[in-house]
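Respectively, the protein sequence lines represent chains A and B. Just so we're aligned, residue 1 is where the first sequence starts under UniProt numbering, counting upward by one. Just so we're aligned, residue 1 is where the second sequence starts under UniProt numbering, counting upward by one.
These are calculated hints, taken from the structure and not from any lab test. None of the hints are false.
Same chains, same names: a pair is fine if it fits in one copy or spans any two.
Capping the alpha-carbon separation at 30 Å, the derived lysine-lysine pairs in DSSO-like fashion look like this: (1) 343 to 94; (2) 297 to 345; (3) 297 to 94; (4) 243 to 94; (5) 334 to 94; (6) 297 to 334; (7) 343 to 243; (8) 133 to 157; (9) 272 to 297; (10) 334 to 243; (11) 345 to 243; (12) 157 to 272.
Now for the letters of each chain:
2 protein chains.
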Amino acid sequence: MTSRLAIAGLALAATGLSGCVAAVAAVPLMAGAQVVKTTQDGKARKQSKREKQAVPRAGDVYVTEDGKKAQVTGLTALPPPSGAPTAAAVAPGKVPPEMQFLYGSGEASALSLQAYAALWRYLHDELRFRRDKSQISSVVMTRDSTLTSPKFDTCGKRPLAVVFDVDETVLLNLGFESDAARRGPGYDQGRWTRWEETGADKVDAVPGAAETIAAIRGDGITVIYNTNRSASTAAFTIDALNKAGLGPVTLGDTLILRDDSAPSGKDERRWKIAERYCIVAMGGDQLGDFSDLFNAKDLSTPARRNTTGNTLIAPLWGRGWFILPNPVYGSGLKGGMDEVFPKDKQWADPAEEKK
Amino acid sequence: MTSRLAIAGLALAATGLSGCVAAVAAVPLMAGAQVVKTTQDGKARKQSKREKQAVPRAGDVYVTEDGKKAQVTGLTALPPPSGAPTAAAVAPGKVPPEMQFLYGSGEASALSLQAYAALWRYLHDELRFRRDKSQISSVVMTRDSTLTSPKFDTCGKRPLAVVFDVDETVLLNLGFESDAARRGPGYDQGRWTRWEETGADKVDAVPGAAETIAAIRGDGITVIYNTNRSASTAAFTIDALNKAGLGPVTLGDTLILRDDSAPSGKDERRWKIAERYCIVAMGGDQLGDFSDLFNAKDLSTPARRNTTGNTLIAPLWGRGWFILPNPVYGSGLKGGMDEVFPKDKQWADPAEEKK
Chain A
1 MTSRLAIAGL ALAATGLSGC VAAVAAVPLM AGAQVVKTTQ DGKARKQSKR EKQAVPRAGD
61 VYVTEDGKKA QVTGLTALPP PSGAPTAAAV APGKVPPEMQ FLYGSGEASA LSLQAYAALW
121 RYLHDELRFR RDKSQISSVV MTRDSTLTSP KFDTCGKRPL AVVFDVDETV LLNLGFESDA
181 ARRGPGYDQG RWTRWEETGA DKVDAVPGAA ETIAAIRGDG ITVIYNTNRS ASTAAFTIDA
241 LNKAGLGPVT LGDTLILRDD SAPSGKDERR WKIAERYCIV AMGGDQLGDF SDLFNAKDLS
301 TPARRNTTGN TLIAPLWGRG WFILPNPVYG SGLKGGMDEV FPKDKQWADP AEEKK
Chain B
1 MTSRLAIAGL ALAATGLSGC VAAVAAVPLM AGAQVVKTTQ DGKARKQSKR EKQAVPRAGD
61 VYVTEDGKKA QVTGLTALPP PSGAPTAAAV APGKVPPEMQ FLYGSGEASA LSLQAYAALW
121 RYLHDELRFR RDKSQISSVV MTRDSTLTSP KFDTCGKRPL AVVFDVDETV LLNLGFESDA
181 ARRGPGYDQG RWTRWEETGA DKVDAVPGAA ETIAAIRGDG ITVIYNTNRS ASTAAFTIDA
241 LNKAGLGPVT LGDTLILRDD SAPSGKDERR WKIAERYCIV AMGGDQLGDF SDLFNAKDLS
301 TPARRNTTGN TLIAPLWGRG WFILPNPVYG SGLKGGMDEV FPKDKQWADP AEEKK
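Isolated chain A, as found in the complex:
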């Protein structure tokens, strides 16, 4: 991943809500004497039987003296009040759909296997048989590149290397995300640091990653990880990579971490690696794993998406740049209605409009 940011607006405001919940539950409980119980079938016998129950049950519907309906809730949490962020509120303990997809589905596994198969074919079938490897092109955009005018150097005498991101590219953070699913929305940097330090055995390799990385090394190509994981927890990251079958790595040579004071952008580190190696392929789950230009602040959500397909960048996907699926977090999870769905493509159910 390029940077591990909280998805904007997912944090739940916790203060004051318990009082609000108590108030909801309290309506039928405290006002028991003043309400008339109704049921959908309206049978008197059933009604009187249930009125004797001391404790109303979740789902019971009451009518108050002033004619309003009230339903007993079993809620233990509420969405935050207006004014507080309200985006997603998946009940804690339920696995949100994007996590079911990435960590639980065969579909996401197949996407990863497909990406690694494409990477392997590119390296093994296309590059290996080139007689003059010095004419092979690096896939790192040069400093004077733009997204509409990407430029690349040839390899010269530098040894070949493949550069991967770590999180959700070669390594699945199963433990951290299981905790996040149980906890509900919201991201905490401190928790991520504790995860790096204590979760080394709660990870798994992305499907296809370990086998492909071993095969790349077998072909004599160096594998380098360029990650925003912190330099201060290096030993734990090395441990996690080894336990997932993705090692061995050498810190500072084949494992490049982020200094805590350094920016999250990866271009500078890529260019530094490119001084020593010819980077012939890159793998990542975020566009920032390929170029920081995708994260320019003035690039709108639709423009960012368009650059991947409508520029000279397009032919790189599956041919030097290899992307892994990650709908769970990251810089791609942005945009309101009109940015995600072009205005001229929005639709409203005609049956609803008639009402």
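Following the hints, put chain B in place on chain A, whose structure we already have.
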């Protein structure tokens, strides 16, 4: 897509909730005289000033006579009471992360471009130069196959074809999903039918699909769509495909729809196509677009995921079978905590455990 089912548990129970909401809002409104207003800074002047306000504002915190705290809410909807399904409750009008990813991100666009590039390379670079095309293998599993023992026929004299699913494989249902995002969770078959009938101009091609499909046809290979869209709305689906640049199609030959009485499985239709054509590649966003065996009822979520990588199926991804990303709906969005996150990989933040 293989079958367009509501994601289990997303439907909101609407009845009775308006009363519940009224009760929440009513606490501070009706009990205005009996509560003492508190503020975090505790300045008396500010407090008295705000007490004069006739209408409490969202976020205001009150303390009731019995010492409980109550916060004014601006909520207009609540999650359903316990007992009703509670999975996801994204505020309507906010775009949920899985939709931001699929329809709005450059990452998903890149995944699609990568899949179509792999498909093109497979057809154009690998199959086109085969001298004896009768020895090319079909990629449709034969009737006597199992997931652990997949079997394939050779092509013989049949002409080559590529079979695609339609929805979220070649066509993005931008209009329908914009409506779904505005509306919040819940799927309605009637709404989908109205969408098929009225949304033909509110779609777009999946990135890479239109160009690749045109190129496949240019290579003399037939393109066939095998979809669960209804036969009764055929004209609208043809219209949508044409408008997205994915046509032309011939109903019953290169566009195979589902009869309303027929099951959602696609194997029978695949085998029928395979009588006339040699299917050398398939594209889909659901495992059921490749074989119905993935949807066997006795296949657990983890087992289903494992079959994609740990069987003889694995080499097919990117080499005959091409999968497109879709974390928004479908048969991959299943599983509770222990199915999505293996028990031995679950983790809990040690800082929280100490509390």
